[in-house]
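Each chain is listed here by its residues.
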Amino acid sequence: MGGVPAEVWTWLTTGSNWSGPSGAWHRLAEHVYVSGVSLLLACAIALPVALWLGHIGRGGALAVNISNAGRAVPVFAVLALFMLTPLRSAGYLPTVIALVLFAIPPLLTNAYTGMREVDRSVVEAARGMGMSGGQIFARVELPLAYPLLMTGLRSAAVQVVATATIASMVGQGGLGRIITAGFNTYDTPQVVAGALLAAGLALLVEAVLIAADRLFSPLRRTAAARTAAP
Amino acid sequence: MTGERAASGCLVANDWICGEYLRSRSGELTDATVQHVWITVASVLIGLAVALPLALLVRARPRFAGPVLGLTTLLYTIPSLAMFSLLLPVFGLSAALVVTGLVLYSLTILVRNILAGLQAVPEEVREAARGMGYGPFRLLVEVELPLALPALMAGLRIATVSTVALTTVGALVGKGGLGNLIDDGVQTTFKAQVLTASVLCVLLAAVADLLLLGAQRLLTPWSRARAAEAKS
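Protein sequence lines, in the order shown, are assigned to chains A and B. Counting with the numbering used here, you get residues 1 to 230 for the letters of the first sequence. Counting with the numbering used here, you get residues 1001 to 1232 for the letters of the second sequence.
These aren't lab readings, by the way, just hints derived from the structure by calculation. Be a bit skeptical, because a hint or two may be false.
Partial list, derived from the structure: chain A residues whose beta carbon lies under 8 Å from chain B [unchecked claim]: (1) ALA72; (2) ALA77; (3) ALA162; (4) ALA181; (5) TYR186; (6) THR188; (7) LEU203.
Backbone N, C-alpha and C fix where the C-beta goes; we use that ideal spot for every residue, glycine too.
Full structure from sequences and hints, please.
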């Protein structure tokens, strides 16, 4: 056991492990590409639906049930099923579809809940001021729903990056491949090194999104102004 | 006779749905399901046993809230494949590895929910119990935990359902219950095996969720009485 950390370090600092089509750089690029595409697609599908349902105030049960069902379905099983269909030969497509399916529930539920939890009296006040439905949506509901929406985006992003590693168990690319390749050759240092890279990427994504959340929050300036005021 | 030939034909034809598969491999399916269930149950129970003291610690000493909640959330971020791999040098290829990984994942949900449940107990209820001479332990066991039960059970249900799903990834080290069958099925492109094991896995999650819901109703008879009262 004592030798493993040193061997892991050796693996990580050996240049040949990073280069080539099965090297760490290529796997990292695959991982980021597949995760990014999946997250964008999931946002494009889930956010308009969730925000619209939240705006008109319908479909709450749907949002909650989709989220619960998402937890019960094993990612590995879904990917495995895709790999036995003609999608197998469609490159990254099986992984992307599976990741989109698993990113939709947190996005949908959080965006919907965020919209619904906006104080109704604030919306009524805005309407009383003569704001149209579109103005209420863009200038009242959306900024107030923003924190929960970002929470959903964060859990979706982390889930996508984490889940993309499982793609390697069915022979697809990404950082997980370093882990599974290490397993097949009984190379524990490589397994641990791959795991560290995958975990590191997931944590990095989480940290970047937390920072982005703080920077771009629409209520940040108001909140800062309020604390600054005597 | 002809029916039997047609049935075994579905194994040869590699159909998605195959009754002959269910019949001829029922032993294998049962073994995998049993392994799946015990890995899930052990993980959730150990998770609960770890989460409860952690939640109590955070409540008693709020300055531990940041580190405990932060650390459990951090663990949740680590990909399951990576988590199992990182534990590999410690546990080797064993069920303990899978269970440990799953326990670490369940902590995020359990600690948060138990804490939320305990914090929702009204202060006057606590005061009343103290006034009746309840000590801290009796207060916890007889008043606070029962009142926190709905939140605790909600967390337990989420943790259990996601643990059932995550157990499949244990196939990486050969201890994934139904995940092992899915893994074998992908390697050999055996459609009926992959579909059957996947469906069983989802069913297992649904059954576990319903059982816990039933247990919650049995354990909190007062909430039903209150609901009936509110209705009438």
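Tested hints:
The interface hint given for ALA72/A holds, since its Cβ lies 4 Å from the closest Cβ of chain B, which is under the 8 Å cut-off. Given hint, ALA77/A at the interface with chain B, holds; its Cβ is 4 Å from that chain's nearest Cβ, closer than 8 Å. With a cut of 8 Å, the hint placing ALA162/A at the interface with chain B holds, because the nearest CB-to-CB distance is about 4 Å. The beta carbon of ALA181/A is not positioned within 8 Å of any beta carbon in chain B (closest approach about 12 Å), and the interface hint is therefore violated.
Hint on TYR186/A is violated. Least Cβ distance to chain B is approximately 10 Å, over the 8 Å limit. Of the supplied interface hints, the one on THR188/A holds, with its beta-carbon coming within about 6 Å of a beta-carbon of chain B, less than 8 Å. The beta carbon of LEU203/A comes within 6 Å of a beta carbon in chain B, closer than 8 Å, and the hint placing it at the interface holds.
Consistency with the previously given hints fails for numbers 4, 5, ordered from lowest to highest.
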